[in-house]
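4 protein chains.
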Amino acid sequence: MQLGLVGLGKMGFNMRERLRAGQHEVLGYDRNPEVTDAESLADLVSKLDAPRTVWVMVPAGEATKQTIGELAELLDNGDLVIDGGNSRFSEDKPNADLLSANGIGYIDAGVSGGVWGAENGYGLMVGGSADDVERAMPIFDTLRPEGPRDEGFAHAGGVGAGHFAKMVHNGIEYGLMQAYAEGYELLAASDEVTDVPAVLKAWSRGTVVRSWLLDLLVNALEEDPELAELRGYVDDSGEGRWTVEEAINHSVPAPVITSALFARFASRQPDSPAMKAVAALRNQFGGHAVHRAE
Amino acid sequence: MQLGLVGLGKMGFNMRERLRAGQHEVLGYDRNPEVTDAESLADLVSKLDAPRTVWVMVPAGEATKQTIGELAELLDNGDLVIDGGNSRFSEDKPNADLLSANGIGYIDAGVSGGVWGAENGYGLMVGGSADDVERAMPIFDTLRPEGPRDEGFAHAGGVGAGHFAKMVHNGIEYGLMQAYAEGYELLAASDEVTDVPAVLKAWSRGTVVRSWLLDLLVNALEEDPELAELRGYVDDSGEGRWTVEEAINHSVPAPVITSALFARFASRQPDSPAMKAVAALRNQFGGHAVHRAE
Amino acid sequence: MQLGLVGLGKMGFNMRERLRAGQHEVLGYDRNPEVTDAESLADLVSKLDAPRTVWVMVPAGEATKQTIGELAELLDNGDLVIDGGNSRFSEDKPNADLLSANGIGYIDAGVSGGVWGAENGYGLMVGGSADDVERAMPIFDTLRPEGPRDEGFAHAGGVGAGHFAKMVHNGIEYGLMQAYAEGYELLAASDEVTDVPAVLKAWSRGTVVRSWLLDLLVNALEEDPELAELRGYVDDSGEGRWTVEEAINHSVPAPVITSALFARFASRQPDSPAMKAVAALRNQFGGHAVHRAE
Amino acid sequence: MQLGLVGLGKMGFNMRERLRAGQHEVLGYDRNPEVTDAESLADLVSKLDAPRTVWVMVPAGEATKQTIGELAELLDNGDLVIDGGNSRFSEDKPNADLLSANGIGYIDAGVSGGVWGAENGYGLMVGGSADDVERAMPIFDTLRPEGPRDEGFAHAGGVGAGHFAKMVHNGIEYGLMQAYAEGYELLAASDEVTDVPAVLKAWSRGTVVRSWLLDLLVNALEEDPELAELRGYVDDSGEGRWTVEEAINHSVPAPVITSALFARFASRQPDSPAMKAVAALRNQFGGHAVHRAE
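Residue numbers (the numbering used here), protein chains in the order written: chain A, 763 to 1056; chain B, 763 to 1056; chain C, 763 to 1056; chain D, 763 to 1056.
These aren't lab readings, by the way, just hints derived from the structure by calculation. Keep in mind that a hint or two might mislead.
The list cannot tell twin chains apart, which means a pair is met if one copy fits it or any two copies do.
What the hints assert, rightly or not - With a Cα cut of at most 25 Å, we get these calculated SDA-like pairs of lysine to any residue: (1) Lys855 / Ala990; (2) Lys827 / Asn776; (3) Lys855 / Glu824; (4) Lys772 / Ser966; (5) Lys772 / Ala951; (6) Lys827 / Asn1011; (7) Lys772 / Asn1045; (8) Lys855 / Asp977; (9) Lys827 / Glu1007; (10) Lys855 / Glu985; (11) Lys827 / Ser852; (12) Lys855 / Ala950; (13) Lys855 / Asn1011; (14) Lys809 / Asp903; (15) Lys772 / Ala783; (16) Lys827 / Asp953; (17) Lys772 / His1053; (18) Lys855 / Gln1031.
Note that the structure is predicted; figures quoted are calculated from it, not measured.
Based on the provided sequences and hints, a complete structural model is requested.
Set out below in structure tokens:
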């Protein structure tokens, strides 16, 4: 089918490739003239046949909000917008309402798979009405991995459900990565295990802990067996925070996901104010030596 | 090759099947007369040709200790014992020393794969000397999953390394399971996501969180979509505790693995003494209502 | 000085007593006719001499918002409103702006001390302009505990700082209580310690862990040495959640405060969905027995 | 009464002062000739009248074990040894058995109060037989803070109970310090609160979080309002680790105490191996930028 695709960065560019390979007619728009197929958002819209379907794949937050605001003006009754970015689920309802006022449908799509999705396909979780989802299904079927539809795609619920599911997916991802990371550190600290990369690689088949993330860690250790070229500094991009906030909102205990998030925060602190306070306390009551700042 | 196999429970029985299918000559001993091939441990040893290799697959702790103590008496110079149970790595050195005094070799083998190992093969991590490991390699090659040897088998280090690696494997397993579980609970608590099993199933392919454990959770939800037939009561079998203790021993922060362990402890408390204390405190300072025991 | 006091519940009522004992002229308003000094908010305002100072001590959230909205209409240029409730600090700026439009000043006051404050005085943290704080200082000086002013009162910063400080105070409180509670549970679980209440009481003087909360726990154990009459069910009232959300907002690792919050969530779950998922997983891969729901 | 005191370091020296001020006859032994009253342990013993009481106040572990081993030889039937060091409770039973074989009694005494104990008195938790405790009570009564005996002293149970109680005391201490530290960091990170030391000082009276540890933090901030002269590097001395290990041993969830311990571990890592692994994973799946080691 025909699709307008706004945002041709790392993710959007790859998706266009995969969709075209699947025989869809994709018209992309990006501010970068080297990759865009249209001169402006308005130009893109004008080149699409009604009823139009436009996939938005721009950074979450302001950029997405602005793009959808413009589309609300440019598109017509009967058109459909899909937000495939990592937007917070709470932004979906306002987006849907804005578009709905002009008769435009809305789907929020959580997209997982990273840079590997171009080749492997993307895991998809979408939220919206049954009709809208049905209409975009040819696109979803091409983007998702090969195999049974329900193993790479879910209609998770109404508007917001797709991004909610993607948020939780990423929160879980934080926990999984931290679990492997703690185990890795303990193996590396042990006297017993002398070949840590070999142990992790041996978990690739047959074990309970085998996973795609484990495969990636094995890859990384093959390139750099002691991770000597990296610093233990880890950014976060929002979904982990949102997951914890939603856990709090729903009174759900989430110690593992939260510990993983806090480990990232701590990884970025050259000198922890909290631990200064603990050092100060120990010095006060016990006369314990402190490490003076230089 | 010829192998003596002590312990024909859920794991040992299946391993005998897999080894025999791999053309090994396996003589098993178990106290259960319905499955044993020998009348006693002594009988088993007498039926093996020197130099003998005996795989011990009995419950960790006392049973393993006793079996290895008896084997130290029954076996001869040049024989080899493999402990494939979930023994604590700290017991390997004493076992090896005991056997070594009689010229008997020792390998500790961590075995992962659970009830699925019979079919999929078992992930193996072993500790011991290069010569001993080389000698038992035909057995390891049959037990491990098909595919490249290093994706299902590792010689992790000297005596103790195999069980250390298995311990960490299980610690990671605790963290992974808890990460999925927290995410599952949050999805189930949300208003947005109306089809939780569908979302988890959609993560099976293409996503960052895909794994064998996820596949199992999908299976469980297909059988019981709300897990209504289960109680949230989770046992633990030692490796998680040992992992945390070793993390402490090596000053390795392990918040995720530890949180997963504590969640299991809490799951088994019908009424938490700690939370009684917190309730008592809130009542004392704020006059907050408490829930009276019935 | 003269003060209007809106809300004469557990806290407000006691504060009126303490203020009157301190020779202030307090006119209180409450919907409960048995305790009120005025027939309505309008009546209260009409009975005060300009420039008026009105302390709001009603439940945080809607009730506070509504009361301040009404006061914005009823009061005049030059009057002053103090919100002494447990409002979220993020509500202070909107409140201050609303009042400021009519020339009315605003102070947010965090008040600690619970039911004991009537007798011991209340710890106070306030936010607002120096002029406004100066003007209300006679009230603060009577409410705070005896002793040096800076040991029971702080001008923490501009509008919002008082409630922010109170929020953090309560977050710390969660952590402190949970620390004592975990220690209590471990003492109670030990074979060695046979007189747990005696141990806690012995910490009352001289030790590093002595505190007012400890004194309260000692009190509780004197009344009920095994806390047998309580259930381990603990509510939470918002500040702990907000503290964690602000920690996330500022990328501050807060594992202790968050663990304490999650322990409360878990204390209220008769059967944890997450732990059902873990039980289901263990059953899937290992054939481990599960506890069936009845 | 007469007391032999072995070990005149920071703690032992102060205790001798306090005991002598309380009219006890204290003979101290230390390897440091400037503080010792005897030339050797044997000399000390020879100077004491039977039945003797000897308080051991040397570093936990080897030094304590060796001293008690020597005392088992030097002392006689009817004498009494008190271990007042921070020994692990599991060492008390072996010590008691060793001494008991020669008819010598044993008390384990947990001592809290740090460098302030000389002036304020020491919180005491002791384990042993009623007769032994009764006999040493004059010493305990002088060492403990003034006030009712049960507010600074507890006979916690049989041998081992004193050190068990002290271990838990210190575990709680870890949690309390971390709770204040997290709150401190959040206050310091906020835009709202402009005078963090003032806020903490204002909690000194009347608030729920008032405590001796808070007073010490206030002291530290008066000396260095931003703790600018300290590094956030915190040692640990064993009791926190033991507390977590015992919590695990008794299946007691202890997330707060454990989080505090792990925060100390992390504070000592210039670059976390675990977080390198997480960074490596993010780079693998998402092409996320990593920080290269220099």
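Taking the hints in turn, this is what the structure says about them:
1. Lys855 / Ala990: neither (45 Å within a copy, 31 Å between copies)
2. Lys827 / Asn776: For Lys827 and Asn776, only the intra-copy Cα distance (22 Å) is at most 25 Å; the inter-copy one is 49 Å.
3. Lys855 / Glu824: both (16 Å within a copy, 24 Å between copies)
4. Lys772 / Ser966: between (28 Å within a copy, 23 Å between copies)
5. Lys772 / Ala951: Classified as neither: same-chain Cα gap 37 Å, cross-chain 33 Å, threshold 25 Å.
6. Lys827 / Asn1011: both (24 Å within a copy, 21 Å between copies)
7. Lys772 / Asn1045: So Lys772 and Asn1045 pass the 25 Å test across copies only (14 Å; inside, 51 Å).
8. Lys855 / Asp977: For Lys855 and Asp977, neither the intra-copy (37 Å) nor the inter-copy (32 Å) Cα distance is at most 25 Å.
9. Lys827 / Glu1007: Both. Shortest intra-copy (21 Å) and inter-copy (24 Å) distances satisfy the 25 Å Cα cut-off.
10. Lys855 / Glu985: Classified as neither; 44 Å inside a copy, 33 Å across copies.
11. Lys827 / Ser852: both (12 Å within a copy, 24 Å between copies)
12. Lys855 / Ala950: So Lys855 and Ala950 pass the 25 Å test across copies only (20 Å; inside, 47 Å).
13. Lys855 / Asn1011: both (18 Å within a copy, 23 Å between copies)
14. Lys809 / Asp903: Classified as within: same-chain Cα gap 24 Å, cross-chain 61 Å, threshold 25 Å.
15. Lys772 / Ala783: Intra 17 Å, inter 49 Å, cutoff 25 Å: intra-copy only.
16. Lys827 / Asp953: between (53 Å within a copy, 23 Å between copies)
17. Lys772 / His1053: Between copies only: 20 Å across chains, 45 Å inside a chain, cut-off 25 Å.
18. Lys855 / Gln1031: This pair counts as neither: shortest intra-copy Cα distance 36 Å, inter-copy 30 Å.
Comparing the model with each earlier hint shows violations of hints 1, 5, 8, 10, 18; every other hint is respected.
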